[in-house]
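Could you put the whole structure together from the sequences, leaning on the hints where they help?
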Amino acid sequence: LGPAMNTDSRLCRSDAWICICALPRKEDLVVKQLQAHGFKTYFPQYERFIRHARRVRRVKRPLFPRYLFVEATNDSGVPVTPRWYFGVSHLVGGNAGSIVVGDVVAELRAHQIGDQLFDLTSHIYAPGKTISPMSGPMTGVELLLEEVDDQKRAVSLVTMLGKQHRIIFPLENLVAIDT
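Sequential numbering from 1 applies to the sequence shown in our numbering.
In case anyone wonders, no lab produced these hints; they're calculated from the structure. Every residue, glycine too, gets a C-beta built ideally from N, C-alpha and C. Take the hints with a grain of salt, since some may be wrong.
Stated by the list, open to error - Here are the in silico distance ranges between beta carbons for each label pair:
1) 40 with 157: 22 to 28 angstroms
2) 56 with 36: 32 to 38 angstroms
3) 168 with 113: 23 to 29 angstroms
4) 159 with 37: 25 to 31 angstroms
5) 137 with 35: 21 to 27 angstroms
Laid out in C-alpha coordinates, this is it:
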(Lines of atoms letter the chains of each structure in order from A and count residues from 1; the text may use other names and numbers.)
(Lines give C-alpha, C1' and ligand atoms only; values in the text may rest on other atoms or scores of the structure.)
Protein backbone atom coordinates (compact mmCIF):
# COMPACT_ATOMS: atom_id res chain seq x y z
CA LEU A 1 0.00 0.00 0.00
CA GLY A 2 1.73 3.15 -1.18
CA PRO A 3 1.31 6.78 -0.18
CA ALA A 4 -1.82 8.62 -1.24
CA MET A 5 -1.49 11.92 -3.07
CA ASN A 6 -1.98 15.15 -1.16
CA THR A 7 -2.18 18.44 -3.07
CA ASP A 8 -1.94 20.77 -0.07
CA SER A 9 0.21 23.79 -1.05
CA ARG A 10 1.73 23.97 2.44
CA LEU A 11 3.58 20.72 1.70
CA CYS A 12 5.55 22.27 -1.15
CA ARG A 13 7.97 24.04 1.19
CA SER A 14 11.43 22.52 1.20
CA ASP A 15 11.67 22.74 4.99
CA ALA A 16 8.19 21.40 5.80
CA TRP A 17 7.84 18.43 8.14
CA ILE A 18 4.76 16.57 9.41
CA CYS A 19 4.53 15.21 12.95
CA ILE A 20 3.16 11.67 13.16
CA CYS A 21 1.78 9.86 16.18
CA ALA A 22 2.55 6.15 15.81
CA LEU A 23 0.95 3.22 17.56
CA PRO A 24 2.73 2.30 20.80
CA ARG A 25 6.20 0.83 20.09
CA LYS A 26 5.67 0.91 16.32
CA GLU A 27 7.83 3.97 15.61
CA ASP A 28 10.67 1.95 14.02
CA LEU A 29 8.22 0.18 11.71
CA VAL A 30 6.76 3.49 10.51
CA VAL A 31 10.25 4.94 9.95
CA LYS A 32 11.31 1.91 7.87
CA GLN A 33 8.16 2.08 5.73
CA LEU A 34 8.50 5.80 5.06
CA GLN A 35 12.19 5.50 4.22
CA ALA A 36 11.44 2.61 1.85
CA HIS A 37 9.13 4.98 -0.07
CA GLY A 38 11.84 7.66 -0.31
CA PHE A 39 10.76 9.93 2.54
CA LYS A 40 13.21 11.48 5.00
CA THR A 41 12.31 10.82 8.62
CA TYR A 42 13.50 12.18 11.93
CA PHE A 43 12.99 10.03 15.01
CA PRO A 44 14.98 11.48 17.95
CA GLN A 45 16.09 8.95 20.57
CA TYR A 46 18.31 8.68 23.62
CA GLU A 47 20.29 5.81 25.08
CA ARG A 48 19.70 4.37 28.50
CA PHE A 49 21.00 1.44 30.47
CA ILE A 50 18.67 -1.31 31.61
CA ARG A 51 19.69 -3.52 34.51
CA HIS A 52 17.92 -6.83 34.76
CA ALA A 53 19.01 -10.21 36.08
CA ARG A 54 22.56 -8.98 36.75
CA ARG A 55 22.99 -7.87 33.17
CA VAL A 56 23.30 -4.35 31.90
CA ARG A 57 22.10 -3.53 28.38
CA ARG A 58 22.26 -0.28 26.46
CA VAL A 59 19.00 0.40 24.60
CA LYS A 60 17.57 3.25 22.55
CA ARG A 61 14.36 4.89 23.69
CA PRO A 62 12.30 7.56 21.90
CA LEU A 63 12.82 11.14 23.07
CA PHE A 64 9.12 11.73 22.33
CA PRO A 65 7.44 8.31 22.68
CA ARG A 66 5.12 7.56 19.73
CA TYR A 67 6.04 10.78 17.85
CA LEU A 68 8.28 11.17 14.82
CA PHE A 69 8.73 13.60 11.96
CA VAL A 70 8.61 13.00 8.21
CA GLU A 71 9.60 15.46 5.52
CA ALA A 72 6.47 16.66 3.72
CA THR A 73 7.72 15.64 0.27
CA ASN A 74 10.00 12.82 -0.85
CA ASP A 75 13.07 13.03 -3.11
CA SER A 76 10.83 13.09 -6.20
CA GLY A 77 8.75 15.99 -4.86
CA VAL A 78 5.73 13.77 -4.15
CA PRO A 79 3.78 14.99 -1.09
CA VAL A 80 3.48 12.44 1.71
CA THR A 81 0.24 11.28 3.29
CA PRO A 82 1.59 9.12 6.11
CA ARG A 83 -1.80 8.45 7.67
CA TRP A 84 -2.23 5.27 5.67
CA TYR A 85 1.00 3.51 6.62
CA PHE A 86 0.82 0.53 8.98
CA GLY A 87 1.69 1.59 12.54
CA VAL A 88 0.49 5.20 12.20
CA SER A 89 -2.15 6.14 14.75
CA HIS A 90 -2.87 9.65 13.50
CA LEU A 91 -1.30 12.86 12.26
CA VAL A 92 -0.75 15.57 14.82
CA GLY A 93 -3.15 18.35 13.89
CA GLY A 94 -5.91 16.25 12.31
CA ASN A 95 -6.28 14.41 9.01
CA ALA A 96 -4.35 17.00 6.99
CA GLY A 97 -1.58 17.16 9.60
CA SER A 98 0.11 20.23 10.97
CA ILE A 99 3.17 21.45 9.14
CA VAL A 100 6.25 21.81 11.33
CA VAL A 101 8.75 24.33 10.02
CA GLY A 102 12.22 22.89 9.44
CA ASP A 103 13.67 25.24 12.07
CA VAL A 104 12.09 23.09 14.79
CA VAL A 105 13.72 19.93 13.46
CA ALA A 106 17.00 21.80 12.89
CA GLU A 107 16.95 23.01 16.51
CA LEU A 108 16.39 19.46 17.75
CA ARG A 109 19.26 18.21 15.57
CA ALA A 110 21.56 20.89 16.98
CA HIS A 111 21.23 19.32 20.44
CA GLN A 112 21.76 15.71 19.43
CA ILE A 113 24.92 13.65 19.62
CA GLY A 114 25.60 11.09 16.94
CA ASP A 115 22.84 9.72 14.76
CA GLN A 116 19.56 11.07 16.18
CA LEU A 117 20.67 10.38 19.78
CA PHE A 118 20.37 12.82 22.65
CA ASP A 119 22.44 13.01 25.82
CA LEU A 120 19.91 13.54 28.61
CA THR A 121 22.59 13.82 31.29
CA SER A 122 24.13 16.99 29.86
CA HIS A 123 22.17 19.21 32.22
CA ILE A 124 23.30 20.61 35.56
CA TYR A 125 22.93 17.17 37.16
CA ALA A 126 25.62 15.42 35.13
CA PRO A 127 27.58 12.51 36.67
CA GLY A 128 30.56 13.71 38.67
CA LYS A 129 28.87 16.93 39.84
CA THR A 130 28.58 17.79 43.50
CA ILE A 131 25.00 17.87 44.78
CA SER A 132 23.26 18.42 48.08
CA PRO A 133 19.73 17.45 49.20
CA MET A 134 17.49 20.36 50.23
CA SER A 135 15.49 18.38 52.79
CA GLY A 136 15.65 15.16 54.75
CA PRO A 137 18.37 13.62 56.93
CA MET A 138 21.13 14.32 54.37
CA THR A 139 20.37 18.08 54.13
CA GLY A 140 23.54 20.09 53.62
CA VAL A 141 25.74 17.04 52.96
CA GLU A 142 27.77 17.30 49.76
CA LEU A 143 27.45 14.18 47.63
CA LEU A 144 29.00 13.13 44.34
CA LEU A 145 26.41 12.35 41.68
CA GLU A 146 26.85 8.92 40.09
CA GLU A 147 23.96 8.90 37.59
CA VAL A 148 20.50 10.21 36.78
CA ASP A 149 17.99 7.50 35.95
CA ASP A 150 14.95 7.68 33.67
CA GLN A 151 12.58 8.41 36.54
CA LYS A 152 14.41 11.71 37.18
CA ARG A 153 16.13 10.41 40.28
CA ALA A 154 19.75 11.06 41.22
CA VAL A 155 21.89 8.15 42.40
CA SER A 156 24.82 8.87 44.68
CA LEU A 157 27.32 6.67 46.52
CA VAL A 158 27.92 7.41 50.18
CA THR A 159 30.37 5.69 52.51
CA MET A 160 28.83 5.17 55.93
CA LEU A 161 30.10 2.90 58.68
CA GLY A 162 32.85 1.60 56.40
CA LYS A 163 30.50 0.48 53.65
CA GLN A 164 29.35 2.13 50.41
CA HIS A 165 25.60 2.69 50.04
CA ARG A 166 23.59 3.82 47.01
CA ILE A 167 21.28 6.68 47.91
CA ILE A 168 18.54 7.77 45.53
CA PHE A 169 17.04 11.27 45.59
CA PRO A 170 14.36 12.90 43.42
CA LEU A 171 15.97 15.63 41.27
CA GLU A 172 13.54 18.26 42.53
CA ASN A 173 14.95 17.75 46.06
CA LEU A 174 18.56 18.50 45.00
CA VAL A 175 20.67 21.55 44.43
CA ALA A 176 23.86 21.52 42.39
CA ILE A 177 26.92 22.90 44.15
CA ASP A 178 29.45 24.79 42.05
CA THR A 179 32.97 23.75 42.98
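Hints, one by one, checked against the model:
1. For the hinted restraint 22 to 28 angstroms between residue 40 and residue 157, the CB-CB distance of approximately 44 angstroms leaves it violated.
2. Checked against the hint of 32 to 38 angstroms, the pair residue 56 and residue 36 passes, with Cβ atoms roughly 34 angstroms apart.
3. For the pair residue 168 and residue 113, the supplied restraint of 23 to 29 angstroms holds, since their beta-carbon distance comes to about 26 angstroms.
4. Range check, residue 159 to residue 37: Cβ separation about 57 angstroms, and the 25 to 31 angstroms hint is violated.
5. Checked against the given bound of 21 to 27 angstroms, the beta carbons of residue 137 and residue 35, roughly 53 angstroms apart, lie outside it.
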